[in-house]
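Going down the list, the protein sequences come from chains G and Y. All residue numbers for the first sequence refer to the working numbering, where the first residue is 1 and numbers rise by one. All residue numbers for the second sequence refer to the working numbering, where the first residue is 167 and numbers rise by one.
Among these hints, one or two may not hold up.
List time: in silico SDA-like cross-link candidates among lysine to any residue, alpha-carbon distance up to 25 Å [as the list claims (entries may be wrong)]:
id	chain 1	residue 1	chain 2	residue 2
1	Y	K359	G	L14
2	Y	K356	Y	D295
3	Y	K359	Y	E370
4	Y	K356	Y	L291
5	Y	K356	Y	R342
6	Y	K356	G	T38
7	Y	K356	G	D39
8	Y	K359	G	T38
9	Y	K356	Y	V400
Ranges of calculated distance between the beta carbons of each label pair, as one might list FRET restraints [to be verified]:
id	chain 1	residue 1	chain 2	residue 2	range
10	G	R106	Y	A184	31 to 37 Å
11	Y	G266	G	T38	32 to 38 Å
12	Y	Q322	G	V156	53 to 59 Å
13	G	S131	Y	P256	52 to 58 Å
14	G	Y31	Y	T242	36 to 42 Å
15	Y	T195	G	D11	38 to 44 Å
16	Y	L173	G	V156	36 to 42 Å
17	G	W16	Y	T392	56 to 62 Å
18	G	W16	Y	Q322	56 to 62 Å
19	Y	K359	G	H153	54 to 60 Å
20	G	A105	Y	E190	43 to 49 Å
Only some residues are given here: those of chain G computed to face chain Y with a beta carbon under 10 Å [stated by the list, open to error]:
id	residue
21	L20
22	I70
23	L80
24	A120
25	S131
Keep in mind that the hints were calculated from the coordinates and are not lab data. Here a beta-carbon is modelled for each residue, glycine too, at the ideal position from N, C-alpha and C.
The chain contents come next:
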Amino acid sequence: MTVHVEPELRDRLLPWAALLARLLLAGVWLYAGASKVTDLPGSVRAVNAYQIIPVSAGQVVGAALPLAEITLGLLLLAGLGLRAAATASAVLLTLFVAAITSAAARGLRIDCGCFGDGGALAAGESTAYGSEIARDVALLTLSVLLAIWPYSHFSVDNLVSDQEIS
Amino acid sequence: MSNRTKLRARAAAHQVLAERRATERRRRTLFTSALVAALLLLAGIIGYGVYVTQRPEDVRPPSGAVDGDTGLAVGTGPVTVDLYLDFLCPACRSYEQQAGPVLEGYLDEGRITLVYHPLNILDRLSSTDYSTRAAAAAASAAEAGKLVEYANALYQRQPPENSAGLSDDELVSIGRAVGITSSAFEQDVKSDKYHEWVEFVTGEADERGVRGTPTVFVNGERVDNTVQALTTAVDRG
Numbered sequence: 001m002t003v004h005v006e007p008e009l010r011d012r013l014l015p016w017a018a019l020l021a022r023l024l025l026a027g028v029w030l031y032a033g034a035s036k037v038t039d040l041p042g043s044v045r046a047v048n049a050y051q052i053i054p055v056s057a058g059q060v061v062g063a064a065l066p067l068a069e070i071t072l073g074l075l076l077l078a079g080l081g082l083r084a085a086a087t088a089s090a091v092l093l094t095l096f097v098a099a100i101t102s103a104a105a106r107g108l109r110i111d112c113g114c115f116g117d118g119g120a121l122a123a124g125e126s127t128a129y130g131s132e133i134a135r136d137v138a139l140l141t142l143s144v145l146l147a148i149w150p151y152s153h154f155s156v157d158n159l160v161s162d163q164e165i166s
Numbered sequence: 167m168s169n170r171t172k173l174r175a176r177a178a179a180h181q182v183l184a185e186r187r188a189t190e191r192r193r194r195t196l197f198t199s200a201l202v203a204a205l206l207l208l209a210g211i212i213g214y215g216v217y218v219t220q221r222p223e224d225v226r227p228p229s230g231a232v233d234g235d236t237g238l239a240v241g242t243g244p245v246t247v248d249l250y251l252d253f254l255c256p257a258c259r260s261y262e263q264q265a266g267p268v269l270e271g272y273l274d275e276g277r278i279t280l281v282y283h284p285l286n287i288l289d290r291l292s293s294t295d296y297s298t299r300a301a302a303a304a305a306s307a308a309e310a311g312k313l314v315e316y317a318n319a320l321y322q323r324q325p326p327e328n329s330a331g332l333s334d335d336e337l338v339s340i341g342r343a344v345g346i347t348s349s350a351f352e353q354d355v356k357s358d359k360y361h362e363w364v365e366f367v368t369g370e371a372d373e374r375g376v377r378g379t380p381t382v383f384v385n386g387e388r389v390d391n392t393v394q395a396l397t398t399a400v401d402r403g
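Could you put together the complete structure from these sequences and hints?
Below, the structure written as structure tokens:
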């Protein structure tokens, strides 16, 4: 059974839904970046704990990620270049999901380091790959939807666009 | 002009306008996409720049540091045991409790050189960078020739994770309790003299593939964190 929604109602609701998605993603990226930006060496260690790329490449990625995440969060918050920002969000999350899956498959015992606290787990701690992947896939889905339909209320994009969003 | 031609002209004008709008929109989308990409790239480059400038240079290692200035050695035996640890790490404490007596036995027999690599990977789990301060204090204790005693005492007084950790005064008094009398020790612990060195050791450990603490090597080979694995490896020499 398909739920029939009046097209008019749908057009009214979508910009609000997009706004909600935008703010949620912005919050997650800002929090993720802020939790790591004060400890860049820690962020580098978290990346290297995955043992996927060489240590020197891990230094670049680990050091670059936190500020890039904060910037992405700010762009989403402002609604500036929303289609591109949502696409970047989807690309990053895809890479994260792949990295966590790879860590799980190789039997590594690490924290994903998504919000700081990366690296090897202590003896008593257990891995949380399942919930980490589920969370990232949910955020990835939101990002993709937002990239497909990036028209939301209260965005900077609206100021420069001639697109009508009810 | 007939009505029909008028209509046709109007439709054509509409189409031109619509096309112009579409082109304009594409141009704008391209521009904002490029802007977003540039901003993200710029943020990443700045982050890496900050990381590189923060990386310690001209590190002043404690006197007697070994292994490329990354470790503090005790004993001079033929078998080298490398111990990568963080004084805030509970697993390091329990390893010390189990393997400590065995290691001290080997030291007494002159069979091993025990090299401590104190790291600060758990700094974010104390509000005062306790891992860095404790590791730096251990470096000062090593200069005073009391490293093993001091390390033991630090583990006995180990603060819980997510606390403020021990104060510098407490780190000094623990040193006094294990018999370090020099005034230089107190000065060094209360200054940040060896803090950069600890950061340096932690970075080197990362490059050597140390992914957590404790990590133990015997003659350069990684061994499990059990007494059994340790004794087997040392006995094999």
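Tested hints:
1. Between K359 of chain Y and L14 of chain G the alpha-carbon distance is near 58 Å, which puts this suggested pair outside the 25 Å criterion.
2. Between the alpha carbons of K356 of chain Y and D295 of chain Y the distance comes to roughly 13 Å, so the proposed pair stays at or under 25 Å and holds.
3. With a CA separation close to 19 Å, the supplied pair K359 of chain Y and E370 of chain Y stays within the 25 Å bound.
4. Between K356 of chain Y and L291 of chain Y the CA atoms are separated by roughly 21 Å; this keeps the pair inside 25 Å, and the hint holds.
5. Under the criterion of a C-alpha separation no larger than 25 Å, the hint pairing K356 of chain Y with R342 of chain Y is consistent with the structure, at around 14 Å.
6. In summary, the hint linking K356 of chain Y to T38 of chain G is supported, as the alpha carbons are separated by about 23 Å, within the 25 Å threshold.
7. Simply put, K356 of chain Y and D39 of chain G have alpha-carbon atoms about 23 Å apart, close enough for the 25 Å limit, and the pair holds.
8. For the hint pairing K359 of chain Y with T38 of chain G, the CA-to-CA distance comes to about 22 Å; that is within 25 Å, so the pair holds.
9. Simply put, K356 of chain Y and V400 of chain Y have alpha-carbon atoms about 37 Å apart, too far for the 25 Å limit, and the pair is violated.
10. Here the CB-CB span from R106 of chain G to A184 of chain Y is close to 54 Å, at odds with the stated 31 to 37 Å.
11. With their beta carbons about 34 Å apart, G266 of chain Y and T38 of chain G fall inside the hinted range of 32 to 38 Å.
12. In this structure the supplied range 53 to 59 Å holds for Q322 of chain Y paired with V156 of chain G, their Cβ-Cβ distance being about 58 Å.
13. Taking the beta carbon of each, S131 of chain G and P256 of chain Y are about 24 Å apart, not inside 52 to 58 Å as hinted.
14. Hint check: Y31 of chain G to T242 of chain Y, Cβ distance near 50 Å, so the stated range 36 to 42 Å is violated.
15. Under the hint 38 to 44 Å, the C-beta atoms of T195 of chain Y and D11 of chain G, about 21 Å apart, miss the expected range.
16. The hint said 36 to 42 Å for the Cβ distance between L173 of chain Y and V156 of chain G, and at roughly 40 Å that hint holds.
17. Separation of W16 of chain G from T392 of chain Y is about 58 Å and conforms to the stated range, judged on CB atoms against 56 to 62 Å.
18. Range check, W16 of chain G to Q322 of chain Y: Cβ separation about 59 Å, and the 56 to 62 Å hint holds.
19. At about 56 Å, the beta-carbon gap between K359 of chain Y and H153 of chain G stays in the expected band of 54 to 60 Å.
20. Distance hint check: the CB atoms of A105 of chain G and E190 of chain Y are about 48 Å apart, consistent with the given range 43 to 49 Å.
21. This hint is violated: L20 of chain G has a C-beta 21 Å from the nearest C-beta of chain Y, more than the 10 Å allowed.
22. The interface hint given for I70 of chain G is met, as the beta carbon of that residue sits about 7 Å from the closest beta carbon of chain Y, less than 10 Å.
23. The interface hint given for L80 of chain G holds, since its Cβ lies 7 Å from the closest Cβ of chain Y, which is under the 10 Å cut-off.
24. Proximity of A120 of chain G to chain Y holds as hinted, the smallest CB-CB distance being about 3 Å (cut-off 10 Å).
25. Taking 10 Å as the C-beta cut-off, the interface hint given for S131 of chain G is violated, the closest approach to chain Y being about 21 Å.
In terms of the numbered hints stated before, the structure departs from hints 1, 9, 10, 13, 14, 15, 21 and 25, listed from lowest to highest.
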